[in-house]
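K.L.:
Take a look at the letters that make up each chain.
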Amino acid sequence: MSRKSWQGLILVAAGAAGTAALLGLADNYVLRLATTVGMYAALALAWNLVGGYAGYPSFATAAFFGLGAYTAGVLQSAVSLPFPLAWPAAAAVAAAFAAALGGAILHLRGHYFAIASLVVADVLRELTNMWTDVTGGGMGLNLPLLDVGGVAGQARFYFLAMGLMAALATLLTWWTDRGRLGMALRCIEQNENAAQVIGLDTRRAKAAALTLSGLIAGGTGAVYASWVTYIDPTDVYDVLLSVKPILMALLGGVGTVAGPIVGALAFLALEEVLWRNVLEFHAGLLGLLVVLLVLFLPDGLRALRRRAAAGG
Amino acid sequence: MSLRRTLSQRTLWAAFALLPLLSPGIGQAAQDTLRIGAPLPLTGALAPEGTKLRQGYELWLDQVNAQGGIKAGDRQLRVELRFYDYQSSTPKAVQLTEKLITDDRVDFLFSPFGSGAAKAASAVAEKNGVPFLASSASSAEVFDQGYRNLFGLYTDNSTLSEPIADLIHARLPKVSKVAILARNDLYPLSLANEFEKSARKRGIEVVYFERYAIGTLDHAAALAKLATTRPDWVVITGYINDLILVRRQMADQHIAPEVLTMINGPAYDEWIRAVGPQAENVTTASWFHPVLSYKSDDVFGSTGRFVELFRQKYGSAPDFTQASGAAVGVILQQAIERAGGVDRDAVRAELAKGGFNTFFAPVSFGPSGMADSYIPPVYQIQDGKVQVIYPRELATGEFRTGVGR
Amino acid sequence: MTYLQVLINGLALGGLYACIAAGFSLVWGVLNIINLLHGSLIVLGAYLAYFAHQAWGISPFVFAPAAGLALFLPAFLIQRTILERVMGKPVLATLILTFGLNLFLDNAMLYGFKADFRKVIFDPPLGLLDLGGVLLPLDRFYATVAGLALVLAVWALLRTTHFGRAIVAVRMDREAAALMGIEVPRTYALAFALGAFMAGAAGSLLSGIFPISPVASSLYLGKAFVICVLGGLGSLPGVIAGGFALGLIESFGTLALGPELALTVAFVLLILLLMFRPTGLLGRQGFQ
Amino acid sequence: MGTLLRFAGVARRFGGILALAGIDLEIRQGEIVGVIGPNGAGKTTLVNAATGVHRPTAGEVHFEGRRIDRLRPDQIARLGVARTFQIVQPFPRMSVLENVAAAALFSGGARSLSQARDQARETLAFCGLQEREALPAAALSLAGRKRLELAKSLAMRPRLLFLDEVNAGLNPAEMDAALALIRATAARGIAIVLIEHLMKVVMQASHRIVVLHQGRLIADGAPDAIVRDPAVIQAYLGNRYAQRHGTQATP
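Residue numbers (my numbering), protein chains in the order written: chain R, 1 to 312; chain C, 1 to 405; chain P, 1 to 288; chain D, 1 to 251.
What the hints contain is simulated information worked out from the structure, not anything from laboratory work.
All C-beta atoms, glycine included, are put in the ideal place defined by N, C-alpha and C.
Among the hints, a few may not be true.
Here are some, though not all, of the chain C residues that point toward chain P, as calculated from beta-carbon distances under 10 angstroms [said to hold, decoys possible]:
#, residue
1, T43
2, T216
3, A222
4, P277
5, N281
6, L309
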């Protein structure tokens, strides 16, 4: 079996073992932490498809996440659609938006693409804020409580739901990595002009990557909305929802399947330690952590492993 | 045992926080400690409000512990406040409320700041049957879930608009047009909606109703449009920074309606100092103000003494957020003392009975859990001073019309 | 009459907006770095002016250059030690690095200055000009004039002094400039420091009009983005055009669509511009 | 032997510069056409016009009777028009095999990645790169990278191939190998347009030579006729040389 499929097996085994252990032993707070890891792993994988594989620095993850959260929220509260329908619908809406966005800004490169994608979340936040009679605007939106057993039941249910999103994201990334789209995105990342000349429709490939990214981020947003039962625009369109997944992918190694997951685990562990001990100034220290990470880990932990493997 | 602050203490306490996780047994021995959980926004956009709430809590804690703790039946209870920073993010507030219940096993809970976070966290408290005192939630939507454990200190937003509308309708019948400019945010927006209802109820035409985006610094264009509608009464809702800006930019465009109502800024000294003479005759309303004078059978004894103690500790007069922090402490204390213990059902029953005579106001809770036992007074800035002009029995000044140019 | 008033309101902020965006455009054009730290630097400048006014009663409009100078050296050092290591690295590295720096500075100020808003209070208040019924508040007038003067001064500096020519040369062609004996790393540091100077000065001018708090830093960054793309990258005349254009758009946008849309209009415009005219009104093709 | 590619009045302007000023030219199936001309004559612009990199500002380009000058580069490539770059453009961090497999996958009609890799191995063998299959493209020598460009183009199973100075910078031994490869490629029925400065290669390989000068076609004919054409000499070697040596130029 090739190195990659061994990696795949280890990843699946670790995931299953971890899930079983957490379901059995952990109390609600640890389950909540694990759910957060699942959420950010999915978001990091979603970003990785565009930022890691195609090398396009997308800051639109928060926009897709927020759109998914609000679509699911409105569908469940106003139209009282049951969640098994609302969540996929929300993911689809986010994916459709991503495809449309792709058509509009994917011809831009470098800084211009980064800024355009960064600003999309702001626009969506303001529009959500403004459309009060549907989204509740500044007053936020309450979602129905899903009766899936008491507090413990809720914690387990959302841990599984978010775990499912992360698994789905991993599967999509694995399928992309080994398939035609993965090859196309790698060519685009390394030399987009040469990619066109060998007959690759780069616009379609990039749009496909962004659509997948939107699908995953939108679905994750939908699960998140039900999990917290109350969302408001500034919270679900927060720029950190775009930046943290990038940092996690960078930490774990971009353009790989396992990288974003490893990165999410490592980053959230760091943040939890940071937050638990230093109450006053943890956001500032987070900033410092980010700076150190970018300076010393250009392509993530895996670089460390590779450097270590090659005798440092 | 007051709240820990120095770094060494904090690391010790952090270790202490881990204890419950490791060995649940230890919890039982310290039974004569009352543990109250309080998620607070110490960083992020709501940091100023979070710090104010904490100051209120601390002042009450100092008084209680100075008097040897809470008398519950024959035992004296040491009070410990366990707080975590939820970084102004509502989901983290819910997460931390859960942690305070399951990990820190707190007996009672003070809610996070604001209506949104309070509503989200109240669901967790309700499911765990933990009485949950909301110090800063005033929107009716927070109390529409029929929760038994949720108690709100503030009266509904309509109690802020109705008194002023009555006052104007009675004193200035010729006031026929009102313009409303609201910050597009949970509490300010629901407040503006209440003013619209109150105005309509009395036949006052709403000639302008606009929302300004959070973070707007330049209101010139919005005010220019407002001016064209020639309103007699102007209502502006928002937080103190917004209201400083709007008041000054109104003066810059010589907009001077018969009545100018701005809610929650003008009652603060900070606002009066910032706008100077333009503060004249501006009306506002608020659940609390230092100028009030209630007698109370709580640790403070009276509004005046509370204000004095607050000024000694923090060097400035308390605003309604700081006061509400201390008020929920006082109410919980009285409920525990009446119940004679920390049993949640007994304390919940006492809270529901109400009749708490506090420095903040005479507080009883309605069926939904929202306080309905007092009318937030109406204030007006007269000669740089805050005067109470409504209700009659608390009034310290007469209602004046016309606003400085 | 309203339209005239709204026109004046829009123009009254043009110079100030240009000053806000000038430093950002310079750093983007010369170092090809999107400086997410810019908003916090503006707020820092505002605080310096606020404290100067509290302590010595200096007017923020006069204090602007001093506030800028105070940031010049620290910015030079930040570039030399931290940013120098990511010059030429992909967009992602520079964006995330400045995001981290911004998170740090923003929270340092939040921790140091607390989040509550502070206001420079003029006693006696500055008052306003009454131009035949149309009112122009003096604080905005001074801020815009001072802002414009600062931008033009920097523009002159770039065109006349040796240090200025070096920056322009590096912006045009980094390798060629190095061959001409220009010490490129030092020029990058000087350009970044000049950017910080403009940010500090803009902050000082701002503190004369608006209340200041660390939470407002992202608002100023957003404006700098829009003005820069609107007016055209890396050209100071472009920034002036962009500043006045944004002032008018916000002013008339609010009149037509209502105040809560002011922010949205600017951002939607930014996206449309990026899609159809990345070079902006006056600017040359941006640097990739 | 129908017309494969036709330029009809093709012009291309870059601001003030007229890079191509109305080119009329036809390339037939199986033909090797050499395109020569001094630097800046418009050779690469001609390739770019045909392969969609720069859209002509006037005139039309037809491939197999179908108009292609409005299409995107990837659409034209998939129709069967391949090209190499004057400055090599590999996918640096991908292996030699992956580079060629990509071309096979997107234009070479390969159904799956594994099929694309098989086709790639065939092409690599044909170009003599099979032992260096696992090397990253960036690790190849200049000659190796030039050959990789050719391999990528061949893996696209083109019917027309533009070789833009694919032999520049090669030593004589490498040049002979390249010449043999070009002939073997043409033998597979692929029409080749050879943009070249190396007279030795172009003279030996081409059935026909076309000369460009300042964006205009000044000669089109058999290699030995072209060399003696006064207009060509004048364009290449300047007026004084032509006058001094009258019309008989040295071959």
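K.L.:
Each hint: holds or not?
P.N.:
Right, here's what the structure says about each hint:
Hint on T43/C holds. Least Cβ distance to chain P is approximately 7 angstroms, under the 10 angstroms limit. Against a cut-off of 10 angstroms between C-beta atoms, the interface hint on T216/C holds, since the closest Cβ of chain P lies about 6 angstroms away. Look at A222/C: its Cβ gets to within about 4 angstroms of chain P, closer than 10 angstroms, so that hint holds up. Below 10 angstroms, beta-carbon pairs count as interface contacts, and P277/C has one with chain P at about 8 angstroms; its hint therefore holds.
For N281/C, the interface hint is violated, the least distance from its beta-carbon to any beta-carbon of chain P being 18 angstroms, above 10 angstroms. With 10 angstroms as the threshold, the beta carbon of L309/C stays out of range of chain P, its nearest partner Cβ sitting at about 22 angstroms, so the hint is violated.
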